[in-house]
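Visitor: Take these sequences, add in the hints, and give me the full structure.
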Amino acid sequence: MAETAVKAAVYVALALSVLQAAVESIFAAESPQSLSGLLPAYDRLYYLGVRAYFSEDWERAEEHLERSLSVREALRSVRKTCHQRCSTAGDEIKDKLDEEEGSVWDLWALDWIQQRAECIKYCLDQAVSPAGQLPVSTDIEYEFGSRNAYNFLQVTYYKLGKLQKAASAAHTFFVANPSHLEMRNNIEKYRRMNGVTDDAFHDREREQEKHWEFYDAALLAENTLDWTRAVERWKECVNETLKQTDDCRAQCVMTSQRFPEEIENTKWQGVYEKSAALSLWLLSCQQICVSLVSTRPGRVSPLEDFLPLQLEHLHIAQYKAGDLKGAVQTLRSLLLFYPTDPDSLSNLQLYTESLEGDPEAQVTGPTQEIASYVSRALAEKKLLYFGVENLDFQFNDPDLWTPEEVVPESLRENWREEREKLNEKLKKGEKVLEVDESGFYAGGPVPLVGVTITMEDQALNGTNRVVLDGVLSKSECERVMQLASVAASAGDGYKGRRSPHTPHEKFEGLTVLKALKLAQDGMVNQSDAKLLHEIGERVRTLLHSYFRSHSALYFSYTHLVCRSAIPGHQDGRLDLSHPVHVDNCILEPETRQCWREAPAFTHRDLSAILYLNEDFEGGELFFTDRDAKTITARIQPTCGRLVGFTSGPVNPHGVTAVSAGRRCALALWFTTEKHHRDMEREEAEAMWAADGQSVVKEKQEDSEGNLAPARTGRSQTTKGRSKERERVTSGRDEL
32 MAETAVKAAV YVALALSVLQ AAVESIFAAE SPQSLSGLLP AYDRLYYLGV RAYFSEDWER
92 AEEHLERSLS VREALRSVRK TCHQRCSTAG DEIKDKLDEE EGSVWDLWAL DWIQQRAECI
152 KYCLDQAVSP AGQLPVSTDI EYEFGSRNAY NFLQVTYYKL GKLQKAASAA HTFFVANPSH
212 LEMRNNIEKY RRMNGVTDDA FHDREREQEK HWEFYDAALL AENTLDWTRA VERWKECVNE
272 TLKQTDDCRA QCVMTSQRFP EEIENTKWQG VYEKSAALSL WLLSCQQICV SLVSTRPGRV
332 SPLEDFLPLQ LEHLHIAQYK AGDLKGAVQT LRSLLLFYPT DPDSLSNLQL YTESLEGDPE
392 AQVTGPTQEI ASYVSRALAE KKLLYFGVEN LDFQFNDPDL WTPEEVVPES LRENWREERE
452 KLNEKLKKGE KVLEVDESGF YAGGPVPLVG VTITMEDQAL NGTNRVVLDG VLSKSECERV
512 MQLASVAASA GDGYKGRRSP HTPHEKFEGL TVLKALKLAQ DGMVNQSDAK LLHEIGERVR
572 TLLHSYFRSH SALYFSYTHL VCRSAIPGHQ DGRLDLSHPV HVDNCILEPE TRQCWREAPA
632 FTHRDLSAIL YLNEDFEGGE LFFTDRDAKT ITARIQPTCG RLVGFTSGPV NPHGVTAVSA
692 GRRCALALWF TTEKHHRDME REEAEAMWAA DGQSVVKEKQ EDSEGNLAPA RTGRSQTTKG
752 RSKERERVTS GRDEL
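Numbering-wise (my numbering), the sequence shown opens with residue 32 and increments by one.
The hints are simulated quantities; they were obtained by calculation from the structure and are not laboratory data. Any given hint might turn out to be false.
DSSO-like, lysine-lysine: derived pairs with alpha carbons at most 30 Å apart [claimed, not checked]: (1) K196 x K241; (2) K548 x K220; (3) K274 x K241.
Guide: Next up, the structure:
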């Protein structure tokens, strides 16, 4: 019956499109005002809100922007409700579809689909105005997908003096745009404002992204070896992912987008051809929900094999927690995606042998939810690939697990060739991807007396890496360590909490601006705060010279960081103090790719770590290959030792666990893009200047001719991925 239902979808979009076309022709010139009690068009409200914003009519901007968000959410809810309410419409006809054949089957199918389409249309008419049912432009969808409405709202609320709401809007925008430097600075300013409480910094779009909360919580539980909690979180993640996928699919029944232009083409002129094209497009819309749900806020690319990945983690967690029956069921669910995977089959044999005396466990099958999910997906893929083969339909399969037998024989050769090309590209990538295209070239002079080169590329087995010693004297290390002891726990809000990277360490930090403000409050010496600033200038001078940069080099961020081992939490540690990562792109070890996209700080060009002490255990910096496993070099921290390297994919790195003591270092990042410079650092310099105090500052060439070309958030390393659209910005998003 499930296959019959999918097959009958050949008619559903035609019926819906006829009804929608009638609405468009009748109400195309309708007033933007909604009918009484019905949801209006949210794109019109958004347009009015943006227009009011640029007119600095803040009250009306708030009204229209907030209403556009609430109407859009209400519309999504209505679509979902109507989809559920009408899912059984015409069910009395379905039994006949398995009995009838030929044209009689066609008539019954059309009758069934017509009843469902009329039910959905009637349901929508009760809650949504005709204008609100019309498709919106892709630009409007992008504006809401990138949360740009909250970008406008945070300034609007700030102008209205509603700081709590401004902070909430800023945080919601920043979740999906984590590399937005100005918004990050704004959030830091909101945190310091009177009347803004911690509960203001919540994600207003959280309900649509809850599966990512469970995902992160599950990974955290795994890292702490809390397998019982990991099982709970992974189950919640799987269930929420299935729910979000169904919610997304419900939006396709009465689409928010116009049907594809190719349907207007001459090759689709016949009624059956148009019916097929519209139905295939509907199925394609539902299939693409896999990619939408598996794309984290702030990311462009989805996490491949998202649902199978969760099942893999879940069955391992169940095994570790002693739930072998659950592990068997989850593993059999995973095998629905990859039935011949040798590792899964081997694990299944291990689990079943361990439960040999339990006959019930031996016959345990996959979960019904996963079985239905896979069955539905395969039935839809068969129809879509039929359209690709016979109707010249374009379909991009979002799944890596699609079995070859689903693809028609005539398409398999091309399908195999594409996969082979991808594999070859990944294999060749081991050599090609190691080329550093940053524009920096190691080997320049070291201009400061007393600083020596200890290790270069060859000794560090890499490209654009250097270790310099003698950057700080022993007394300078002690002064900065003292500064960290007094001020770091209060410096940036961590307050000695557990590290964001591991529960076995405490994490403290301090910026130059925070150090200055603490000095003004009499908590630290003014000279020590100035020293922290001057050390940064010293590091910039060294790296600017050694890496032979012909463009201006700006501070992107400076952070004095201390990591302390938590006593009693060190036995059997397998984690890292800082996991392997790349500073300006998202490392994907399985494919050896590094994606220049948010949430990575894509503007970072050079990275540096200046060590302040060595009286601790662990805490080594290490470089790896792109697989994040093969260690290519290790550096032992010691006072005054500086490690510098380019921030891109040739330099994956991590930090081993700090198992005893307190490790302190000054982390610095630099950029060639002036608009990404560290505004907090400049604020500190301005405050010193206002007090009539001078600070040591390297002279910067600031002419346009000396600047490197500005880069977008995506570099040549992401060719072939989806193209990022230019965001509409307000121009006033910094307070």
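Visitor: Against each hint, give a clear statement of whether it holds in the structure.
Guide: Hint check results:
1. K196 x K241: OK: K196 and K241 at ~22 Å, within 30 Å.
2. K548 x K220: Cα-Cα ~14 Å, so holds.
3. K274 x K241: This hinted pair holds, its Cα atoms lying about 10 Å apart.
The structure shown violates none of the earlier numbered hints.
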